[in-house]
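Asks: Sequence:
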Amino acid sequence: MDTEIIIEDENNHENLTTTAPMLQSVQDKTMNAAKDTDGKKRNKGVFNPQWLLDVKFRSFLREYKPDPTKVVCIACNEQFSIHYGGKKDIDRHAKLKKHITSIIDLIKDPDESATNIYENLKDAIKKAGLHLEGLRSIGADNANVNMGNNHSVYSLFHDEIFNLIKETIGHFGNGIEELTWNQIQKCIEVIKIQGLNEDNLFNEFTELKLTFEAIKKKEVPLFDQIQFFLSNAAEKETHNSSTTSMRQSEVDEEVEEEQTKVIRSDQLWAINAYVEAIFSEMKRLLNDFRNRMSLDSIAAELQIRRNGSMSCT
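Going from the sequence shown to the numbering used here is simple: count from 1 and add 1484.
One should not assume that every hint holds.
Unchecked claim - As a list, the in silico DSSO-like pairs of lysine-lysine whose alpha-carbon atoms are at most 27 Å apart: (1) Lys1572 to Lys1610; (2) Lys1670 to Lys1702; (3) Lys1554 to Lys1579; (4) Lys1554 to Lys1610.
What the hints assert, rightly or not - Label-pair ranges, simulated between beta-carbon atoms: (5) Pro1550 to Ile1672: 13 to 21 Å; (6) Glu1673 to Asn1600: 28 to 36 Å; (7) Gln1669 to Phe1696: 18 to 26 Å; (8) Leu1706 to Asp1780: 22 to 30 Å; (9) Asn1716 to Glu1682: 30 to 38 Å; (10) Asp1551 to Leu1580: 14 to 22 Å.
The set of hints was computed from the structure by calculation and includes no laboratory data. Just so it is clear, CB atoms sit at the ideal spot from N, CA and C, and this is done for glycine as well.
Work out the full structure, taking the sequences as your base and the hints as a guide.
Replies: So, in structure tokens, the structure goes:
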């Protein structure tokens, strides 16, 4: 039978005995740290009542009692999860386009003076966590209290925001065939673009109209022509990026010759269709048969009609 003999040094024994408690201590700390981390993750993903006191959230955020890992947005009329991001999920939701273009509130104002409307609008903008400097236009009817030149809602806002737009022109919604240079000049007067060269703009306008008319005469549908142009532009961009041996001067010349103008979404003309849709809804909500409804009920129904995305089927 084989026998294994172990010769143990006294110094090594002392090292072993002192190392064991140290290892145990490190393990305990690691386990406690893991528990703390798990606890933080669990706390991060549930509703915190303190969020309702935050100016950025209190106007639209509500608790969703059936599930603490979700919250309710009364502006969008929907629930969304905060399980993974907690407060960051709320910040992310507040930046969504759907949330920004939703109804915030319906304000009762029996006086309807320019000063009261102005103050109510300012309060609503601030409660929604928006900056007053970001206001670019006001959707309202043409009453003097709203759009008059002297002491109107527009003039009060214009005193604080110099580039606030008062007038909107719908020439660009009628089709390029009916668009005239005189209509373009009216738009220039409203926007007041500094340093604009009208001669160059007229040349571009004429060239675009001629190009559009030539494109329409082709048998290929306009949509297919656009898709073909975009695919060719993408191929050219890929080819140019892979050709690194070309001289810089030649690259610059090709860019000038083949340059395509890209229109960003924020350069497109804005319309007040959303505001007009709200006015249409209000005509249905406020009538002789429903004039006893409270303002809160009307506001709730308006938010459901305009902000809700759930199907009834």
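Asks: Does each hint fit the structure? Answer for all of them.
Replies: Hint by hint, here is what the structure shows:
Among the hinted pairs, Lys1572 with Lys1610 is consistent with the structure: their alpha-carbon atoms are about 20 Å apart, no more than 27 Å. For the hint linking Lys1670 to Lys1702, the alpha-carbon distance of about 32 Å lies beyond 27 Å, and the restraint is violated. With a CA separation close to 18 Å, the supplied pair Lys1554 and Lys1579 stays within the 27 Å bound. At roughly 25 Å between alpha-carbon atoms, Lys1554 and Lys1610 fall within 27 Å of each other, so this suggested pair holds.
Separation of Pro1550 from Ile1672 is about 56 Å and departs from the stated range, judged on CB atoms against 13 to 21 Å. Between Glu1673 and Asn1600 the Cβ separation comes to about 32 Å, which falls inside the hinted range of 28 to 36 Å. Between Gln1669 and Phe1696 the beta carbons are some 20 Å apart, a value that agrees with the proposed interval 18 to 26 Å. Against the hinted window of 22 to 30 Å, the Cβ-Cβ separation of Leu1706 and Asp1780 comes to about 49 Å, which falls outside the hint.
Taking 30 to 38 Å as the suggested C-beta distance range, the pair Asn1716 and Glu1682 conforms, at roughly 33 Å. The hinted window of 14 to 22 Å between Asp1551 and Leu1580 holds, with their beta carbons roughly 20 Å apart.
In this structure, the hints that do not hold are numbers 2, 5, 8, in rising order.
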